[in-house]
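**Student:** Chain order of the listed sequences is A and B. If you're matching positions, the first sequence starts at 146 in our numbering and goes up one per residue. If you're matching positions, the second sequence starts at 146 in our numbering and goes up one per residue.
These aren't lab readings, by the way, just hints derived from the structure by calculation. Model, not experiment: these values are computed from the prediction. Each hint should be verified, as a subset may be incorrect.
Heads up, the list lumps identical chains together, so a pair's fine if it works in one copy or across two of them.
Claimed, not checked - Below, simulated EDC-like cross-link-like pairs (lysine to aspartate or glutamate); rule was C-alpha separation at most 20 Å, straight line:
1) K345 with D171
2) K294 with D229
3) K294 with D222
4) K147 with D311
5) K294 with E233
6) K294 with D206
7) K239 with D376
Number of protein chains: 2
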Amino acid sequence: MKTLYVELGERSYPIHIGPGLLGRADLLQPAIHGRQVMIVTNETIAPLYLAAAQAGLSGYDLQTVILPDGEQYKNLDTLNRIYDALLEHRFNRKCTLVALGGGVIGDLAGFAAASYQRGVDFIQIPTTLLAQVDSSVGGKTGVNHPLGKNMIGAFHQPNCVLADTDTLATLDDRQLAAGLAEIIKYGLIRDADFFAWLEKNMDLLTARDTDALIFAIARSCLNKAEVVAADERESGQRALLNLGHTFGHAIETGMGYGTWLHGEAVGTGMLLAAQLSARQGWLDAGEVERIEQLLTRAGLPTRIPGEMSTRQFLDLMAVDKKVMDSGLRLVLLKGIGAAVVSGDFDPDLLRATLDAAHAG
Amino acid sequence: MKTLYVELGERSYPIHIGPGLLGRADLLQPAIHGRQVMIVTNETIAPLYLAAAQAGLSGYDLQTVILPDGEQYKNLDTLNRIYDALLEHRFNRKCTLVALGGGVIGDLAGFAAASYQRGVDFIQIPTTLLAQVDSSVGGKTGVNHPLGKNMIGAFHQPNCVLADTDTLATLDDRQLAAGLAEIIKYGLIRDADFFAWLEKNMDLLTARDTDALIFAIARSCLNKAEVVAADERESGQRALLNLGHTFGHAIETGMGYGTWLHGEAVGTGMLLAAQLSARQGWLDAGEVERIEQLLTRAGLPTRIPGEMSTRQFLDLMAVDKKVMDSGLRLVLLKGIGAAVVSGDFDPDLLRATLDAAHAG
Chain A
146 MKTLYVELGE RSYPIHIGPG LLGRADLLQP AIHGRQVMIV TNETIAPLYL AAAQAGLSGY
206 DLQTVILPDG EQYKNLDTLN RIYDALLEHR FNRKCTLVAL GGGVIGDLAG FAAASYQRGV
266 DFIQIPTTLL AQVDSSVGGK TGVNHPLGKN MIGAFHQPNC VLADTDTLAT LDDRQLAAGL
326 AEIIKYGLIR DADFFAWLEK NMDLLTARDT DALIFAIARS CLNKAEVVAA DERESGQRAL
386 LNLGHTFGHA IETGMGYGTW LHGEAVGTGM LLAAQLSARQ GWLDAGEVER IEQLLTRAGL
446 PTRIPGEMST RQFLDLMAVD KKVMDSGLRL VLLKGIGAAV VSGDFDPDLL RATLDAAHAG
Chain B
146 MKTLYVELGE RSYPIHIGPG LLGRADLLQP AIHGRQVMIV TNETIAPLYL AAAQAGLSGY
206 DLQTVILPDG EQYKNLDTLN RIYDALLEHR FNRKCTLVAL GGGVIGDLAG FAAASYQRGV
266 DFIQIPTTLL AQVDSSVGGK TGVNHPLGKN MIGAFHQPNC VLADTDTLAT LDDRQLAAGL
326 AEIIKYGLIR DADFFAWLEK NMDLLTARDT DALIFAIARS CLNKAEVVAA DERESGQRAL
386 LNLGHTFGHA IETGMGYGTW LHGEAVGTGM LLAAQLSARQ GWLDAGEVER IEQLLTRAGL
446 PTRIPGEMST RQFLDLMAVD KKVMDSGLRL VLLKGIGAAV VSGDFDPDLL RATLDAAHAG
């Protein structure tokens with residue numbers, strides 16, 4: 146087991162990474178301050194891992210809420226089911242919410258914890274690779290709105306994260322690839338050595354080798370933690386973590402939430418960012434080729450869905466959160482390991498990039 | 146005009162108090178950082194004050210959302226109408242929400258600001274006396290749930306508060322009295338001199354004398370600001386601000402939200418706290434008498450509604466947020482100007498207090 150600490154002053158917390166962590170009472174209990182604990186999970190995860198998680202929480206007033214599985218349920222109605230459960234069981238402000246599941250469960254349970262009685266304690270047990278490397282660090286929580294993704298939410302830090310690599314055994318290949326997309330992202334934005342390590346070890350990762358996974362998860366969390374610690378509220382360099390996301394959100398919204406996985410959309414989005422950067426003259430063709438190769442080896446799509454026109458794509462990008470008063474700003478690359486936020490790109494080159502990237 | 150500053154480090158902000166402040170561009174504009182401004186108000190306030198507020202915001206991309214008036218609309222559905230409006234107008238994270246109205250509007254718009262895109266800027270223009278002395282300071286925002294009041298929310302500080310005493314001219318007498326209840330509360334919990342000032346000047350306040358109102362609003366905000374600055378997240382002495390609230394919430398919930406005004410319920414709740422304190426031997430009969438007199442002169446009810454049994458009352462108190470693992474704790478009085486949080490009271494005396502306090 147590896148343990149990292151996300152340093153945020155009085156809200157610092159540990160991330161434990163390794164096999165067999167689910168239900169480790171010695172890791173969970175120091176993060177719980179009251180008697181009431183609510184596990185929030187979904188219909189897919191509950192039969193697989195709920196019993197093990199409950200075993201680590203015996204002795205508490207333990208309740209469970211089991212939500213339907215899927216990005217389409219990441220909304221205010223599902224959030225309200227968590228509030229209902231908390232209030233029906235008369236949970237007080239010293240209660241703890243435990244998110245057992247992927248990113249959707251973490252975002253829902255995290256926002257419920259941020260807003261129930263104006264904020265209660267929160268533990269994350271992410272069960273997907275994506276959630277282990279993304280949602281574990283940064284404190285972002287929230288739900289979608291019909292007019293935009295993650296439009297309603299809060300920053301709320303967990304007290305502790307357990308990333309149990311055993312839970313990755315039941316992930317399907319698409320979900321694994323989606324997590325690998327975020328892992329590749331950390332290499333691309335700020336860690337060229339890690340990118341080179343990924344080029345060497347991608348086959349071990351897709352074969353779910355435990356040691357390789359622990360290394361990649363820890364290195365990803367460490368990269369994210371460094372960025373977040375420097376910029377908790379996302380004004381400056383934290384925006385670099387959105388590499389691929391403005392493009393990716395357009396795909397997710399255009400295709401309907403849940404059709405593409407978030408990580409798949411971000412993977413293609415990162416390649417689009419690389420291709421636009423190359424057209425700007427900031428990246429050379431060999432670097433774009435290395436990025437596309439690594440994404441392909443990870444099992445990720447690299448083309449815009451045929452159903453989406455360039456015009457629709459551009460329109461969807463404009464509603465993304467990263468649109469400031471000053472116009473559309475994108476995370477682009479000036480090299481592998483060197484991302485920048487920039488509004489200083491040629492809109493014609495953006496259009497040309499999208500035109501060229503269509504599938505089929 | 147008086148200006149106070151609520152000192153909260155980088156989130157410090159001014160409260161301007163006086164006549165003719167509505168629409169003062171020189172006060173509003175320093176608190177706005179983007180181009181997009183959304184005024185959130187209700188159907189009662191809009192015809193009275195919306196035009197004046199808009200006049201101070203010319204030059205911005207200004208939108209307005211007008212909600213129905215009443216505590217019964219302080220819920221997730223109404224909150225969602227604000228999100229809808231923000232997204233339909235493509236408001237970005239640099240936008241500012243302006244709450245123009247009483248406490249319900251402030252709580253709704255404040256929580257929308259806290260949660261829209263994980264937090265945007267927020268200005269309060271409270272138009273009731275209660276909101277001017279209560280919601281202006283402390284950063285509490287949120288909505289009700291069918292199973293409890295203010296159960297969903299966040300701490301979110303405004304950038305600026307304009308308390309325009311001219312808006313109090315259109316308040317009905319019940320609303321004015323509700324605000325006076327909170328003003329009396331500051332005297333009771335920590336400011337015996339202010340309580341004595343209120344005994345001398347209550348007739349000027351009920352006659353809506355501008356100078357008396359400015360003094361009372363400023364002194365109340367100052368008291369609250371001192372408490373909040375010392376304890377932003379409500380762990381210690383901030384709990385004293387809940388004097389009368391556990392009793393009051395029971396009345397509000399038992400009678401149905403909106404039947405009693407919040408301030409009316411808190412007024413009666415403070416008297417119940419004083420009566421229980423007297424039964425404990427902590428307060429003498431003369432002090433209870435002074436409190437009841439002042440509440441009566443302010444135009445406030447001092448009896449539990451006849452419809453509510455003592456058993457129902459006790460049951461509703463138990464679901465209140467102030468119930469910790471350790472059992473029910475109440476804010477009680479050890480003198481005028483000397484409140485304490487205590488779980489150390491005799492439940493039989495609580496029952497006797499409630500039995501004796503019924504109307505009719």
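**Student:** Determine for every hint whether it applies to the structure shown.
**Tutor:** Each hint, compared with the structure:
1. Taking the shortest Cα distances, K345 and D171 never come within 20 Å of each other, neither inside one copy (36 Å) nor across copies (61 Å).
2. Only between protomers do K294 and D229 lie at most 20 Å apart by alpha-carbon distance; the minimum there is 13 Å, versus 24 Å within a single protomer.
3. When the C-alpha separation of K294 and D222 is checked against a cutoff of 20 Å, the pair qualifies both within a copy, at 15 Å, and between copies, at 19 Å.
4. Taking the shortest alpha-carbon separations for K147 and D311, only the intra-copy value of 14 Å comes in at or below 20 Å, while the best inter-copy value is 62 Å.
5. In the homo-oligomer, the alpha carbons of K294 and E233 lie at most 20 Å apart only across protomers (14 Å), although the nearest pairing inside one protomer, at 29 Å, exceeds that limit.
6. In this assembly of identical chains, the alpha carbons of K294 and D206 never lie at most 20 Å apart, being 34 Å within a copy and 23 Å across copies at closest.
7. When the C-alpha separation of K239 and D376 is checked against a cutoff of 20 Å, the pair qualifies only between copies, where the shortest distance is 17 Å, while the shortest distance within a copy is 28 Å.
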